[in-house]
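Participant: Here are the chains, one letter per residue:
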Amino acid sequence: KQEVTQIPAALSVPEGENLVLNCSFTDSAIYNLQWFRQDPGKGLTSLLLIQSSQREQTSGRLNASLDKSSGRSTLYIAASQPGDSATYLCAVRPGGGGNKLTFGTGTQLKVEL
Amino acid sequence: DTGVSQNPRHKITKRGQNVTFRCDPISEHNRLYWYRQTLGQGPEFLTYFQNEAQLEKSRLLSDRFSAERPKGSFSTLEIQRTEQGDSAMYLCASSPGTGGGRRNTEAFFGQGTRLTVV
Chain D
34 KQEVTQIPAA LSVPEGENLV LNCSFTDSAI YNLQWFRQDP GKGLTSLLLI
84 QSSQREQTSG RLNASLDKSS GRSTLYIAAS QPGDSATYLC AVRPGGGGNK
134 LTFGTGTQLK VEL
Chain H
16 DTGVSQNPRH KITKRGQNVT FRCDPISEHN RLYWYRQTLG QGPEFLTYFQ
66 NEAQLEKSRL LSDRFSAERP KGSFSTLEIQ RTEQGDSAMY LCASSPGTGG
116 GRRNTEAFFG QGTRLTVV
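As you go down the protein sequences, you meet chains D and H in turn. Remember, the numbering used here sits 33 above the position in the first sequence when you count from 1. Remember, the numbering used here sits 15 above the position in the second sequence when you count from 1.
Next up, chain H with everything else stripped away, as it sits in the complex (with noise of 0.2 Å):
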């Protein structure tokens, strides 16, 4: 288990591209989140999944933003005709979901993809 696998690691585009991120969570992890961070600001919560099930999307997530967990394993979130507000690092994060006790709730997260519209 090596933890929740984000690529790519940083992304350079023009303004207008589209741009798709992968989230690899960590194994048998039902939940997964992206969330997005500005620089000097934290996380916000950009939308979840429960297994392949997309179930809340934040009002953040406009219609250029689409998420997609096939097969409830990795996931993938695109950015269509990207601007230059865009520009953040994107976060994703998983936690168990299942289990006994309380700590089924415990978010890990990855690395991140840093984003840079130019």
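Next comes chain D alone, as it looks inside the complex (with noise of 0.2 Å):
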């Protein structure tokens, strides 16, 4: 049974920060990660998709990476800033393209001022 595990569970930076979060899964056997944004209360955003013979893909601030051997994914945010405040969330789905995705916990972030 694949497990997602997201460290760490709550994170406070400063605006302007560098900051990276991580995601680690226990079957290898992916066929992509997929990085989300969920702010209180609200469904989900996609930010990044990344396949699994992909070793990281780029949005704007945001750099995703996979290390699918070793079963982790980290997520970079440059220059944080307050509106980044979130809890993100990734997600895998299983190799094959199998139907659904298996979530972590989540890692709040709060961007201050």
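Hints in this document: simulated from the structure, not taken from any laboratory. Note that CB positions come from ideal geometry on N, CA and C, so glycine has one too. Take these hints with a grain of salt, some might be off.
Straight line, CA to CA, 25 Å or less: simulated PhoX-like cross-link-like pairs of lysine-lysine [what the hints assert, rightly or not]: (1) H:Lys86 with H:Lys29; (2) H:Lys72 with H:Lys86; (3) D:Lys75 with H:Lys29; (4) H:Lys29 with D:Lys133; (5) D:Lys133 with D:Lys34; (6) D:Lys75 with D:Lys133; (7) D:Lys75 with H:Lys86; (8) D:Lys143 with D:Lys75; (9) D:Lys133 with H:Lys86; (10) D:Lys34 with H:Lys72.
Chain H residues, not near chain D, derived (Cβ > 10 Å throughout) [what the hints assert, rightly or not]: (11) Gln21; (12) Pro23; (13) Lys29; (14) Gly31; (15) Arg37; (16) His44; (17) Arg46; (18) Gln56; (19) Asp78; (20) Ala82; (21) Ser88; (22) Thr91; (23) Glu93; (24) Gly100; (25) Ala103; (26) Gln126.
Each of the two chains sits in its own frame; use the hints to bring them together as a complex.
Facilitator: Have a look at this one:
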């Protein structure tokens, strides 16, 4: 059974700081990994999708890396802003393009002025 | 295209009552998913449709839960005889499922329906 862990559970940083969020998964036979952002009481916003054959994906100030063999992914946020405050979730899709995402419990990020 | 739409956004119901939620996926997305999220946890998979066919159900989906997707467009999730343990955010997602490239599995989520059972 796939298990996804995110560390740290919560993080508070001053504005402007670069930061790294971590995601680990127990079964390396994944199809892809997706990072999401969730604001309080809201749905999920897709940030980046990284295929199993890729090492990284970039979108603006965000960069996601994937090391499938070691079961790890990181989300790098450059020059953090207060608007980045949210919960960040990673989710893996099983190999073969399976149909369900398995999520971690998220990292709650607060960026302070 | 306004994204995945879910209604209602909030629902408060008394224990034992039936509730129904609706999800309108992104047009032309043939895959539709339901997830449930409780406070402080990540979403948990409930069920999956490809077009109108329900192809996978989680063991979390007890007999009191039923989902449909008539004509392969919108979907409904019904909970019968609600219990306090059903209180959660119910999230719907869709993905293209067809077309070129491997990005056809990217999931797009709605804003969710927050259910409170009192």
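Participant: Which hints, by number, does the structure contradict?
Facilitator: When the structure is compared with the hints, numbers 1, 4, 7, 11, 17, 18 and 26 turn out to be violated.
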